[in-house]
Structure formats: structure tokens, C-alpha cells
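Generate coordinates for the entire structure from the input sequences, incorporating the hints supplied.
Residues in the sequence shown are numbered consecutively from 1, following the working numbering.
Think of the hints as simulated: they come from the structure by calculation, not from any bench.
This one's a predicted model, so the numbers in the text were calculated from it and none came from an experiment.
Careful: at least some of the hints might be erroneous.
[To be verified] Pairwise CB distance ranges (calculated):
1. G35 / K129: 21 to 27 Å
2. Y87 / Y57: 19 to 25 Å
3. Y138 / Y57: 53 to 59 Å
4. V79 / N124: 22 to 28 Å
5. G89 / V160: 52 to 58 Å
6. W107 / H130: 51 to 57 Å
7. R133 / V108: 43 to 49 Å
[To be verified] Cross-link-like lysine-lysine pairs, in silico, DSSO-like; alpha carbons within 27 Å at most:
8. K114 / K129
9. K117 / K103
10. K129 / K117
11. K103 / K77
12. K77 / K117
13. K114 / K103
14. K129 / K77
15. K77 / K114
Heads up, the beta-carbon is just placed ideally off N, CA and C, and yes, glycines get one too.
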Amino acid sequence: MSNMAYGDGSKVICIYMFFGSWHKPTIRMSVLVVGDFTESVLRNLIAYEQSGQTRNYVTSYAYAMYMLVNNQEDVAKLVDSGVLVNYMGSNEEAANMINGICKEVAWVDFFYVKQWKTINMYCNGYWPKHITRMRSIYFSSPWNMIALLAGIILFALTVVQTIFTIKSAGYK
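Here it is in C-alpha cells:
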């Protein structure tokens with residue numbers, strides 16, 4: 001994650017999908033403060049945009065947040081990355097609020113189509129999918145990681161022992 005400040009003082013947070021690295025897609029988003037009045041403010045702005053007088057910037061942002069958040073764990077990740085500031089009390093309340101904002105909203109155009117296609121292509125690729133699966137299976141706890149490391153070390157020592165046994169048998 002990195003913060004970018006613009007001349008007008010606004011901040012944009014970069015979310016590095018899968019903990020940021022070389023060629024991984026990144027989303028740059030404005031910070032959303034989630035509180036008691038956030039739902040009513042966003043719903044009113046979405047209703048205003050739906051009147052057809054303006055472009056659907058807030059609607060697209062709300063829909064992007066809706067697509068990012070499925071449960072309280074997703075809210076926790078967004079809070080940790082700095083995209084969300086949660087004043088609602090619990091992450092579950094914030095997730096329910098974000099998921100409820102986009103109900104019964106007519107989608108005319110979504111401004112982030114290109115970015116979402118790029119991210120979906122990356123996430124559905126062979127390596128990211130299998131690396132994510134491997135992380136969830138083998139690195140879900142520190143003990144799993146220690147056991148995997150011990151297994152790798154024992155395998156390497158076995159290979160070294162086999163090589164030296166073969167070499168010493170050849171000299172007799």
C-alpha cells in the first residue's frame with residue numbers, strides 16, 4: 001500500500017492486490033470514512049446521479065466498494081490498507097452497510113470496467129490462483145510454515161547424504 005497526496009490535499013490509497021509486487025494490478029482509491037451517516041449520504045448522492053444530470057462517479061465508486069467487500073474480513077483488509085476508516089463499531093456492520101448501498105440501483109455505466117477486467121484476468125490466471133491456494137493451505141498458521149521449512153531442510157539433507165553415499169561407494 002502507498003499513499004499519494006495531490007495538490008488539493010486529497011489522498012488516494014493504492015491497494016496492492018496480494019500484498020504488492022512487480023507486475024500485479026493495483027487499485028488507486030480515495031479513502032472512504034464509514035460512519036453513521038455514510039449510507040444516507042452515499043444513497044442521496046447516488047440518487048442525484050441517477051437523475052441523469054451528472055456522470056456516475058459516486059455510483060461507480062460505491063459499486064467498486066460493493067465488489068471489494070463481501071464480509072467483515074474484507075472490511076478488515078481495507079481498514080488495514082487505509083482505504084476504509086471504520087467508525088461504525090464493527091467490521092460486520094460496515095460490510096452490511098457497504099453491501100446494502102447498491103441494492104436497487106440501475107447501472108448505466110461503470111467507470112472502472114477496464115481496471116476490473118485487468119484485475120479479474122490477473123486473479124483468474126494460473127499462478128496467482130495456485131499461489132493463493134498454496135498460501136491458504138500451507139501458510140495458514142506459523143506452525144504449518146515451520147513444518148514445511150523443516151520438511152524442505154530434511155529433504156535437502158537427505159539429497160546431500162545420498163550424493164555423498166554414492167560418491168563414497170564409487171571410490172572403494
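Next on the checklist: Under the constraints set out in the numbered hints, which ones does this structure not fulfil?
Outcome noted: 1, 3, 6 and 7
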